[in-house]
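*Asks:* Residues per chain are reported as follows:
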Amino acid sequence: MPLTSTEISSPGMTINMGPQHPSTHGVLRLLVELDGEVVHSCRPVIGYLHRGLEKMFEARPYRQCIPFTDRLDYLASLNNNLAISQAVERVGNITVPERAQYIRVMLCELNRIASHLVFLGTYATDIGATTVFLYAFRDREKVLDLLEMMTGARLTYNWIRPGGVPTDLPEGFEKAVRSVFEELKVSLDENNRLLTGNRIFRVRTEGIGVISKEQAIAWGATGPVIRGSGVPYDIRKIAPYEVYDRLDFDVPVFDQGDCMARYLVRIEEIRQSMRIVEQCFKDMPEGEIMTKMPKIFRPPVGQAYSRTESPRGELSFFMVSDGSLNPVRVHVRAPSFIHLSMLPELLKGVKVADVIAILGSLDTVLGEVDR
Amino acid sequence: MYASSKSYRAGQFFGGLIVTLIVIAMASLLPLLPWYKLNPILDFIGMHPWLNAFLKAFIVVNFVALHVLFLIWLERKFAGWMQARLGPKHVGWQGLGQTVADAIKLFLKEDIVPAKADRQLFAIAPFLSFMPTLLTFMVLPFSAAWIAYDYDLGALFVVAVSTNVALGVLAAGWGANNKYSILGGARAVAQLLSYEIPMVMMILVVVTLSDTMSMKQIVLRQAHIWNIVAYWPVMIPAFLIFLTCALAELNRTPFDLPEAESELVSGFHTEYSGMRFAFFYLAEFANNFFSAGFAVTLFFGGWYGPILPPVVWFTLKTLILICVMMWIRWTLPRLRIDQVMGFCWKVLVPVSLVIYCITALIAVK
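Those protein sequence lines, which keep their order, are chains R and C.
Just so you know, we're using the numbering used here here: the first sequence kicks off at 1 and counts up by one.
Just so you know, we're using the numbering used here here: the second sequence kicks off at 1 and counts up by one.
Derived by calculation from the structure, the hints in this document are not laboratory data.
Accuracy of the hints is not assured; some may be wrong.
Label pairs and their in silico Cβ distance ranges [said to hold, decoys possible]:
(1) R:GLN215 / C:VAL61: 51 to 61 angstroms
(2) R:VAL45 / C:ASP118: 24 to 34 angstroms
(3) R:GLN215 / C:LEU193: 38 to 48 angstroms
(4) C:ILE24 / R:GLN215: 55 to 65 angstroms
(5) R:PHE173 / C:ILE18: 38 to 48 angstroms
(6) R:TYR74 / C:GLY92: 32 to 42 angstroms
(7) R:PRO170 / C:GLY92: 27 to 37 angstroms
(8) C:LYS105 / R:MET149: 54 to 64 angstroms
(9) R:PHE281 / C:VAL91: 21 to 31 angstroms
(10) C:ALA10 / R:MET149: 23 to 33 angstroms
For glycine and all other residues, C-beta sits at the position ideal for the given N, C-alpha and C.
Please build the complete structure, drawing on both the sequences and the hints.
*Replies:* Below is the structure:
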């Protein structure tokens, strides 16, 4: 008797995507159970980049914790520097001079642009458009040049520190930023024509990996992921830190909740970040850039929690002090880690190609996941 | 400072164009050499069919191999121009020697066979996919005289032989015993076989209107006016469908799923190294040249053109079509497998059926 298709049971295939797969963005390992081209289940395996950073914080004086944070989310080091600096400032009751706050905001937004450009390039490559990758990295290179001008480094800046910032703006910085922004605006329009409006790109991303509003809230999604699901949740607006309450910018929100929406949120955020930086130049007062702090810094007993909006979502540091030189406990609330935990649910029943599309749209950085 | 300004990119593009034109111009001087001195030798060969066949095969194989070297260089240069970078630059003039260097590197590389691979299948797969491609060159008319064998059923022969590429790809995917390879091989077979149907249909359009299957005769019918101009209402859509199918057959973006790098590492040739890998590469680019040459034969009047010798015209037209394919490749993202199949069966097949019906009406009249 011939067998019908339901009677033939195929054992399925387990594919090990990563940790050395071209598209898992770092050392993420995905155990994917396949039925033909369809994903049955997926289990993300993490820990390949675990360095015990949270424990290492406990063995360092407060200021020496900063270089480690560069290695958390290495695409947006300055945002990490800012988050931990804020935690230290809160626990030690330090106020930061206004000029330093403006400089911090400006650099964090520049870093956000660089980070989103990496997303743009790698996401386009994930979908298969290799040319966009080189365009995006060309533009990122210019932004990195600006950051290098300011901080002297291109990837791990180790620059924002408790109490302010170490150096003032270099000469000709504003002019350089403006000329880079001019070029960036042109190339963003170019990218809109090349990729965003592309029919193939749209069918690959629209309606794929949909996260509903309720799901996004329930899973604790933040940043572009939750804003792509129609929730206007941005720490810069709801719990403003530094000088964000004085700056005028929009929070882009898209309702579809699919990969396209998350992509559009990030592209729009690049434009908004440019707006913020331009305002910073206009509003920035003269004055001190660093608070006077004791050489040996001992904050009072207590604890503090700082919330910041990193390019990937809500990046928070929880810090406990017992009055000694080192923090007793530091916890990092890393957005990538929380987004990654949504993956098994999101990937049920999708095609293999969509695994990459969905994973790319979450824009996780494994340095932050594994810590 | 950056490779981004408009004038810089324009310079890149036109510089590259000039390089390409110089290469083509140098090739066009070849027919001016005193070939007639070879006539006695040619007469001798003509009298010995086996020698004749051997020599033709020798020329075809060498042409394919050399042309692929050039095409790979062109592809990389072209990608460079499109992506605001320089492309190969250091080995030889404008990096022309880069592919030769790469080929030597591949020669010297260790030939790795995975421990649990099906050794025979693994070994034979590159040749299975390269041979059909090579065979199709047999009937490709470079000019009225430069055709290895003017087969009466040339177009049919091409269709029959080129389908076998799928066999090699499947053998590679299965034989390597790698999960990514199997997925890539399965995708490739599904895609190659599906896109064969509209492609054959579009070849039939030309065959019906030319009243012949011989490649040479198809071109001879276009001595005064190209097919694509003469019967433009059916030929223009036919050409576009043919080009789409050719891209799918060649596994090029937007249909490069069998070797989708970001998903399947490199699909069916993930486990291949050294010369075996080089054979896949060779097959891919030879196939690329053949598809473009086939399109030129069917739609763009083959070797016909003013002033320049026929062989040069044919190569020139083919190169232009290849550049169009490269342009598409470096612009578009990749489709998903169900979208690829859906596009073929829901759009291309019905449309090509309609086009063929219209063609039949024209032919009857």
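*Asks:* If a hint holds in the structure, say so; if it doesn't, say that too.
*Replies:* Against the structure, the hints come out as follows:
| no. | hint | verdict |
| --- | --- | --- |
| 1 | R:GLN215 / C:VAL61: 51 to 61 angstroms | holds (59 angstroms) |
| 2 | R:VAL45 / C:ASP118: 24 to 34 angstroms | holds (30 angstroms) |
| 3 | R:GLN215 / C:LEU193: 38 to 48 angstroms | holds (40 angstroms) |
| 4 | C:ILE24 / R:GLN215: 55 to 65 angstroms | holds (58 angstroms) |
| 5 | R:PHE173 / C:ILE18: 38 to 48 angstroms | holds (41 angstroms) |
| 6 | R:TYR74 / C:GLY92: 32 to 42 angstroms | holds (39 angstroms) |
| 7 | R:PRO170 / C:GLY92: 27 to 37 angstroms | violated (43 angstroms) |
| 8 | C:LYS105 / R:MET149: 54 to 64 angstroms | violated (40 angstroms) |
| 9 | R:PHE281 / C:VAL91: 21 to 31 angstroms | violated (47 angstroms) |
| 10 | C:ALA10 / R:MET149: 23 to 33 angstroms | holds (29 angstroms) |
Hint violations for this structure: numbers 7, 8 and 9, all remaining hints satisfied.
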